[in-house]
Amino acid sequence: MDFRYPTSVINAHFSLIKPFKPMNQEIFTINNLWVLVATILVFIMHLGFASLEAGLTRAKNTVNILFKNTIIPAIGLLTYAFIGFNLMYPGDAFIGGFFGLSGLGLSLPEGWDTPAYDEGFTFYTDFIFQAMFAATAATIVSGAVAERIKLGPFIFFSILYVGICYPIVGMWKWGGGFLDSLDTPFYDFAGSTIVHSVGGWGALVGAFLLGPRLGKYTEKGMKPIPGHSIPMATIGVFLLWFGWFGFNGGSVLSADPGDVSRVFVTTAIAGAAGAFGALFASYFKFKTYDITMVLNGILAGLVGITAGADLMGVGESAIIGFVGGIIVVFGVVLFDKIKIDDPVGAISVHLLGGIWGTLAVGLFGDLAGMSQVLSQLLGIAVVAAFCFATSWLIFFSLKRSIGIRVDEREELEGLDINEHSMQAYPDFASKD
Amino acid sequence: MDFRYPTSVINAHFSLIKPFKPMNQEIFTINNLWVLVATILVFIMHLGFASLEAGLTRAKNTVNILFKNTIIPAIGLLTYAFIGFNLMYPGDAFIGGFFGLSGLGLSLPEGWDTPAYDEGFTFYTDFIFQAMFAATAATIVSGAVAERIKLGPFIFFSILYVGICYPIVGMWKWGGGFLDSLDTPFYDFAGSTIVHSVGGWGALVGAFLLGPRLGKYTEKGMKPIPGHSIPMATIGVFLLWFGWFGFNGGSVLSADPGDVSRVFVTTAIAGAAGAFGALFASYFKFKTYDITMVLNGILAGLVGITAGADLMGVGESAIIGFVGGIIVVFGVVLFDKIKIDDPVGAISVHLLGGIWGTLAVGLFGDLAGMSQVLSQLLGIAVVAAFCFATSWLIFFSLKRSIGIRVDEREELEGLDINEHSMQAYPDFASKD
Amino acid sequence: MDFRYPTSVINAHFSLIKPFKPMNQEIFTINNLWVLVATILVFIMHLGFASLEAGLTRAKNTVNILFKNTIIPAIGLLTYAFIGFNLMYPGDAFIGGFFGLSGLGLSLPEGWDTPAYDEGFTFYTDFIFQAMFAATAATIVSGAVAERIKLGPFIFFSILYVGICYPIVGMWKWGGGFLDSLDTPFYDFAGSTIVHSVGGWGALVGAFLLGPRLGKYTEKGMKPIPGHSIPMATIGVFLLWFGWFGFNGGSVLSADPGDVSRVFVTTAIAGAAGAFGALFASYFKFKTYDITMVLNGILAGLVGITAGADLMGVGESAIIGFVGGIIVVFGVVLFDKIKIDDPVGAISVHLLGGIWGTLAVGLFGDLAGMSQVLSQLLGIAVVAAFCFATSWLIFFSLKRSIGIRVDEREELEGLDINEHSMQAYPDFASKD
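Protein chains in written order, with the numbering used here: chain A, 1 to 432; chain B, 1 to 432; chain C, 1 to 432.
Please keep in mind that the hints were generated in silico from the structure rather than gathered at the bench.
This structure is a prediction, so every number in the text was calculated from the model and none was measured.
Check the hints yourself; a few may be wrong.
The list cannot tell twin chains apart, which means a pair is met if one copy fits it or any two copies do.
[Claimed, not checked] Straight-line distance between alpha carbons at most 25 Å, and here's what the computed SDA-like set of lysine to any residue pairs gives:
1) Lys287 x Pro426
2) Lys220 x Lys431
3) Lys339 x Ser430
4) Lys287 x Ala429
5) Lys287 x Ile338
6) Lys339 x Leu393
7) Lys431 x Pro226
8) Lys216 x Thr288
9) Lys220 x Ser421
10) Lys287 x Glu413
11) Lys216 x Trp392
12) Lys285 x Phe156
13) Lys339 x Ala385
14) Lys287 x Met422
15) Lys285 x Gly152
16) Lys339 x Glu410
17) Lys287 x Ile159
Build the full structure now, drawing on both the sequences and the hints.
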């Protein structure tokens, strides 16, 4: 039996939308081409994350954040080739729907480049599309722990989190695991939970265990630490939105005209509505037009639509996005209140946005209903428990052994000089 | 009868090039995929505009210009879903070829995801491709009015201009309106007039009603106000050129190999020739190698080829682009002479370039001829009249009511601090 | 006989992989679409080069480097249309496999938009894809000669090198010339030698004839001159990697699912492994985490895989990329030792990486073997001889006539003020 795209999903998919046309080489070639194009759209999201996180942090830590965001996709690609893909799609090598491993490294199955492997793509396409996804989980973390984490421990965390934790969770749903075998299967089209919340939980644990940046929460209250380049943050969000058309659109796993175009529309509308949700909420809250909130609102709208991008209509997408944009503003305020310092708002965007989007599948669209709500809650809960536990385990072990936080002098001077012996902008005078 | 892509266009198209192959699911899927990919190429043009306009203005207004360019695509997507698409493609709901409205919001027609809807794309693809176009009109305006317009009124203008004015004009041609029903139909392949001049007229009216920036035109003559980041401007132009392959290439409305590849070549060559036109003209005029002129020359070349990208050969594209590049240099000089202050050169690029490109359809390529010239002039004139009048009406009403210009102190300090309570680059020391 | 894609290559290709399916309009349309998408991915690599080179040089020379990188693609497109394409694919107009010219300008052959022209693309697609490649050769040079070359002579060099030298070398292999007619044909899938080393030799000659930047090599040893914007350098490398999927993936010259997906995987893995190769080598050498080395390591991995991207497995790609990353670190050290000043590391990346990748075709993958090694060495050697000689001839003639280096004052003040009368960042205070 082929566990890779389990019957329940395919059936759900078929009954919701419409049967595929009988397969032929032409359609196979088109499908495969689209998934490959989607792959590089997801790839460029890593530049989006890099730009966004660099823009929203200080100039003295820019090399550090760019270094992490450059090395993470490399880690993701290599670990996914070595073990992640086999953990996520273990085929028959299953232990009770919770864990499976089908080997190490990639080996080309018979007929890997024909529809016999899959009607939507070749084996290599399958691997590379999923591999590009994998790295995003760690990238989400890097924003939340920015400006104070040691480089070595962060890379160590990333290798384990991307290489092992992410694919195990992914398997629970996309690899045919227990979340996919529920009577009402948990539904997560492109990863509001499976990708974004996985990253979000790691981000929450990391930010909590590190503690806030020096000077962020003083006796006189929270002191905003503005990011050093709004242009870079803006470039980042546009590139993420751009890439999201591949992230969601490619998750159709074919070039089916109706499905892909629907996903494009829901993705575009949710992002746009997220901008307005955050605009209104932040104007209401802060009485100013805060571009960083609008940018994060777009992302929250996108994270929100990700779980049900193939299930929603235009109005529903607008609602999901708009609420996502509101959530992110109050999330940022909330985390500051409880003194969890997240320099870029990653926890609000990816964790809260991911939870909201996952729940929204039960509230809106083609699958809405109470039993779906319960399955969504179950999925959210088990992923939370696993990711919280594993990232705590990794970060806490690192904290107790080699330490995870740079020392005070290093933090004040900046990580660039201390960890990388260089500056991001050596030709320009800084303000202080 | 299907007014959406009216018979006259299709016939013109067919007779010029060649008949479509008989439709089948494979070709439909390929066509749809290309239009979707083109959609996201047009999407990323919004980042291109954002970067270009931010780069060519001062650091103290950067958050403001980025804010506008971020919110405009969101406005475009939402208003186009609510009303624009129905205004632009009203089907039978016509009043004399000038105005039509087929409802509010989007409703999926029967067979929306099959070739019965259109041989080139599904309903959702049709919507989202056109929606991405819509927002560009307002983005063009934002550059010309930069560094002095109040945020609220600009957003109000954008909503009306993108949501209502743009689709009405678009309908005249692309929705089967009166410009498309002339004996010799007005021709505008991808929108030299329908998109770029529409934006350009709004830009001209806005810049005129606002007046120049403080200190721009003094008794001692014009004082150049250099943009704060040439790298951002360069990134912007490259992204615009990149996206233009989708803007023009997607306007083929299918993946027809001959048509799309021809459009790619004419688009590339016109941009390249525009660079040289502006290089020579600006060296002749200013005796220096002015990169901002070269960048705007590329854009003028691209705007110029847009009306006839499917009609020209390589040599004709080079001429159109080269002349476009020359026009932009003298346009910038001209507008400075009459004290219309356009910080980024948007009026020269999009309005003059758009007029030139529209005329060029009568002068070069497959449709060249006197009766085509007359139709092109008629189209240019009626679009001018309508856009000038409506943008004047909107901007002037706003000016007389809530005001459109920030006060002097705010302009001198910068819009970022005053409208957004933040700075684009808080870590860096400014030159003064 | 059709020399454009010579029998030997097609045969090698067929025997290695599998026969093409019988041609039809659907597959032709898909193939053509992919090559067009790949074309614009290669296009955006020019922004990648622009960003990378600007980021790794000083702020006072930024306008200059951006100017060059903007004008080069324009030069490439226009010269390739005028003469380059006819030099590279001369058809029957051959002189002994070394030189051929089939005319000037582009003329559409009969059946140019049907599979009769080529099963993978139309004539226009063929031209535009190759034209985008052409300009990269000169772009590589511009990095190595940055911060001290005069603008005029550099543009003159670029026109000759891109317009004439590059297509002649390209013909030797891709146009069916003598390197393709060896008993064991020289193999270079997407241009480790034909593109990257061609650029690399020009870069070496240019950097040598110019001499090092003032203050780079002092009596006290080499003084690092850090680039002014690590974010721009990072953006550049990500865009290059992004575009490389089109550079290598498009070189399949069809959308064949197996071939394109394989190339995507090898390209991604080699880039990732290159990051780690350079990370380890630079940590070993400098005891710090040097992001510029990691960025160049990615590029060296990508250059390395380019010659055999369709021949390698995952493990082989990882080795090739990893070694490429190591090479670049020691290359940079080496060129500094012999006082060849390459501000961005272009010679190490493109020349050394290109040689390594070309050799690797003989060492790993489907064609590995001693006779292949010899053919690869022969190809490397003749391209070296030709490019070294021609670029020496051009640069040396320029040096002896109008001069190629700006004067001392101009170099110290920066090229932006002196050649362009402007600054890249006029609003910001510099550090000195």
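A quick look at each hint next to the structure:
1. For a Cα distance limit of 25 Å, the shortest separation of Lys287 from Pro426 across copies, 20 Å, qualifies, whereas the shortest one inside one copy, 36 Å, does not.
2. Proximity of Lys220 and Lys431 under a CA criterion of 25 Å is satisfied intra-copy only: 23 Å inside one chain copy versus 33 Å between copies.
3. For the identical chains of this complex, Lys339 and Ser430 are neighbours neither inside a copy (28 Å) nor across copies (33 Å), given an alpha-carbon limit of 25 Å.
4. With identical chains, the CA atoms of Lys287 and Ala429 are never at most 25 Å apart, being 32 Å at best within one copy and 27 Å at best between copies.
5. Proximity of Lys287 and Ile338 under a CA criterion of 25 Å is satisfied intra-copy only: 23 Å inside one chain copy versus 39 Å between copies.
6. Only within a single protomer do Lys339 and Leu393 lie at most 25 Å apart by alpha-carbon distance; the minimum there is 21 Å, versus 50 Å between protomers.
7. In this assembly of identical chains, the alpha carbons of Lys431 and Pro226 lie at most 25 Å apart whether taken from the same copy (13 Å) or from different copies (20 Å).
8. Taking the shortest alpha-carbon separations for Lys216 and Thr288, only the intra-copy value of 21 Å comes in at or below 25 Å, while the best inter-copy value is 29 Å.
9. Taking CA atoms no more than 25 Å apart as the test, Lys220 paired with Ser421 passes between copies only; the shortest distance there is 20 Å, against 34 Å inside one copy.
10. For a Cα distance limit of 25 Å, the shortest separation of Lys287 from Glu413 across copies, 19 Å, qualifies, whereas the shortest one inside one copy, 33 Å, does not.
11. In the homo-oligomer, the alpha carbons of Lys216 and Trp392 lie at most 25 Å apart inside one protomer (23 Å), although the nearest pairing across protomers, at 48 Å, exceeds that limit.
12. For the identical chains of this complex, Lys285 and Phe156 are inter-copy neighbours only, at 22 Å across copies versus 39 Å inside a copy, given an alpha-carbon limit of 25 Å.
13. Only within a single protomer do Lys339 and Ala385 lie at most 25 Å apart by alpha-carbon distance; the minimum there is 22 Å, versus 58 Å between protomers.
14. Proximity of Lys287 and Met422 under a CA criterion of 25 Å is satisfied inter-copy only: 13 Å between copies versus 39 Å inside one chain copy.
15. For a Cα distance limit of 25 Å, the shortest separation of Lys285 from Gly152 across copies, 18 Å, qualifies, whereas the shortest one inside one copy, 39 Å, does not.
16. For the homomeric pair Lys339 and Glu410, the shortest alpha-carbon distance inside one copy (22 Å) is at most 25 Å, but the shortest distance between copies (35 Å) is not.
17. Within a single copy, Lys287 and Ile159 get their C-alpha atoms only as close as 42 Å, which misses the 25 Å cut-off; across copies the closest is 21 Å, which meets it.
The earlier numbered hints that this structure contradicts are 3 and 4.
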